[in-house]
Structure formats: C-alpha cells, structure tokens
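Visitor: Build out the structure end to end from the sequences listed, making use of the hints.
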Amino acid sequence: MKCPDCGHENLAGEEACEACHTPLASLSIPNASRGKDQRRILEGTVEDLHSHDALMLDPDRSVADAVRLMRGNKMGCVLVASHGDLCGIFTERDLLSQVAGLEKPEKTRLAEVMRANPQCLKEDDAVALAFHAMAVNGHRHVPIRRRDGTLGVISSRDLLDYLCR
Amino acid sequence: MSIKTVALKEKLGNLDLHPAPVIVEESTPYKKVIDRMRVDAIGCAVVCRDGKVTGIFTERDVLNKTAVENIPARTPIGKLMTSPPLTTTLNASLGQAIELMRSRGVRNLPLVDSENRPVGLLTVGRMIRYLADHFPAEVVNLPPVPDQVSSEAEGA
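One line per chain: the protein sequences are A and B, in this order. Following our numbering, the residues of the first sequence are numbered contiguously, the last one being 165. Following our numbering, the residues of the second sequence are numbered contiguously, the last one being 156.
Treat the hints as calculated values from the structure; they're not laboratory data. Please note that the accuracy of each hint is not assured.
To be verified - Cross-link-like lysine to aspartate or glutamate pairs, in silico, EDC-like; alpha carbons within 16 Å at most: (1) A/Lys-107 with B/Asp-61; (2) B/Lys-65 with A/Asp-65; (3) A/Lys-122 with A/Asp-85; (4) A/Lys-122 with A/Glu-9; (5) B/Lys-79 with B/Glu-99; (6) A/Lys-74 with B/Glu-25; (7) B/Lys-31 with B/Glu-69; (8) A/Lys-2 with A/Glu-15; (9) A/Lys-74 with A/Asp-85; (10) A/Lys-74 with A/Asp-53; (11) A/Lys-104 with B/Asp-40.
As the list claims (entries may be wrong) - Some, not all, of what chain B presents toward chain A, calculated at C-beta under 10 Å: (12) Leu-12; (13) Leu-15; (14) Glu-59.
All residues carry an ideal CB built from backbone N, CA and C; glycine is no exception.
Guide: Now the structure itself:
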C-alpha cells in the first residue's frame, strides 16, 4: 500500500505510513483513492471560492430597484439587509417564480418576495459546506460573511470552477 | 481519480440528465412559457420551430428583458428568446460540456440530436449534484447548520 504523501511502500492494512506517519486507514476504504479532491472539498475553504462583492438593498426597496441593480452589475442575486444585518436574499430564480408577469414590480417590496434568513457561510468554512448548500439544499447563491465584516456571495459556477480547477 | 478525469471521460449520453426540459414553440405565448417553467421549477425553456431548436429562454432573459417591462402575456416567446443558443450533443463528454459552459458563461446547455431536435438539458445545478454524487460522504452527510453541536449526549 503506497503512502499518498511520501510514496513509501507499506504493508497492506497498516494504519499509518511507516516512513512519514500519514494515516492510511482511509486508503483501505473503497474509492478513497479520490484523496486529492476529497481534501480539496474537506480542507479547502470558502475563501478559495473567491466570493464576489454582494449587491445590497434594503427590504423596503422595490423589486424593480433590485432588477435594475442586478442588470447594471450583471449579477444574479442581491442580498437584502436591514441596518447592515442580512435578512434575505433575492435571486433570478425568485424573479421567475414570484415576480415575472406581476403587474407592479415598482410597488412590490423585496421583503415580500425574498427568501428570508438565508444560510450564511464564513470564509474559513470548508468548501464542503458550500457544496452541501448547493447540491443538497439546491441554492445557486450563498452569502458569505467575510473576515472584514463585509458580505460576499458565491455562485454554483464559482464552485464548479473550483472543483474543476 | 480526480474530478476532472471522471468528468472528462463520462459521455453525456450515459448521464441521467434532465429528462424532459421545458420545450416550447416560438409561437408559444410568454405567459405560458413562464407558467411551465414555474411548474417544472426549471430556469430555462428550449425554444423550437417545427421541432428543431432555434433558441433558449432563461431566468437571465427574465432578468434582462422582461422583469420590469410589462410584457403582454401573449407575446410569442420567439421575440424574447436568445438565439441561436449554444448546444451540444449526447456524444460530447461531461468535461467538454463543462468547458463549453465555463468558457461561454452559460448555465444551461440544451442537448440536441443530429437533426437539431432537443433530447435533454444540462445545467450547472445538475452538474454540481452529479459531482456531489461522487463525494456523498463529504458533501451529503453534513449537518444542515455549520458548527452544529448537540447540547447533550445522544440518548441522554
């Protein structure tokens, strides 16, 4: 059994590499040969996904304001924040599912159509958490609270770029 | 085996892709297209003329062209769609499709047969789920809330 770190040839079934003491137990599990990608998912951090600066709007602003802001910045979502506290997210998906065909996008408040209290990740959270939010919970955009306190956002395309890099 | 190796090898024809993308004709009214996308909870409709793909209408088109414009419900979707759309075939590999979508910045890629008839739809979301299937332990078996810790021992 070859150690993935130092290449030392160990006896089959060894728990740790004889030469460098890297744990080898996971190598005995079928499919664990995906080591490098596994590490990228578990140990890579959200910071590596390079979040974009989020577009921010107050919950009392209109859907039409959000649309203009998203168009102007070529972004698929805005974060809704009241006095700096994140309280919702509004995305293209919400635009399609709730707004398209509405008579009065100028008069509809974001608070009425946003998804309230979205899960927010931190820059030092594992990539796996972002992957989970997108693959299992089905969100295309995830807000990120950066270390400097500002809000960013990552999209499923950023994750795909990271996974295929 | 790296994600790239898996992805590059897998032919799109072998994947369980979105089986029935929303397929409409150019003459289909805008409102009807929106309703079908809503019912199917999908961000994209493939637009055809006589059964052959001529365009695509996505959430991005809603954002950029129709969201605040008061588009009459009966407007034919052919007037609002993006045309011609980027497409690929079932013979392409997943790796090629990913590269195509990344380089051209599209999230939805209709799949067509040799006569340009729609046979499937590849989306970024679908690809993320496909890749997650390769790493179920790392991605799926996570607590829904990060840093979740039980306040008492299990069974206590």
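Visitor: Each hint: holds or not?
Guide: Evaluation of the provided hints:
1. A/Lys-107 with B/Asp-61: violated (22 Å)
2. B/Lys-65 with A/Asp-65: holds (15 Å)
3. A/Lys-122 with A/Asp-85: Since the Cα atoms of A/Lys-122 and A/Asp-85 sit roughly 15 Å apart, the hinted pair holds (cutoff 16 Å).
4. A/Lys-122 with A/Glu-9: violated (39 Å)
5. B/Lys-79 with B/Glu-99: Not OK: B/Lys-79 and B/Glu-99 at ~29 Å, beyond 16 Å, violated.
6. A/Lys-74 with B/Glu-25: Not satisfied, since the Cα-Cα distance of roughly 28 Å exceeds 16 Å.
7. B/Lys-31 with B/Glu-69: holds (13 Å)
8. A/Lys-2 with A/Glu-15: Between A/Lys-2 and A/Glu-15 the Cα gap is close to 12 Å, so the pair holds against 16 Å.
9. A/Lys-74 with A/Asp-85: violated (24 Å)
10. A/Lys-74 with A/Asp-53: holds (12 Å)
11. A/Lys-104 with B/Asp-40: violated (25 Å)
12. Leu-12: violated (16 Å)
13. Leu-15: violated (15 Å)
14. Glu-59: holds (4 Å)
Checked against the numbered hints above, the structure violates hints 1, 4, 5, 6, 9, 11, 12, 13; every other hint is satisfied.
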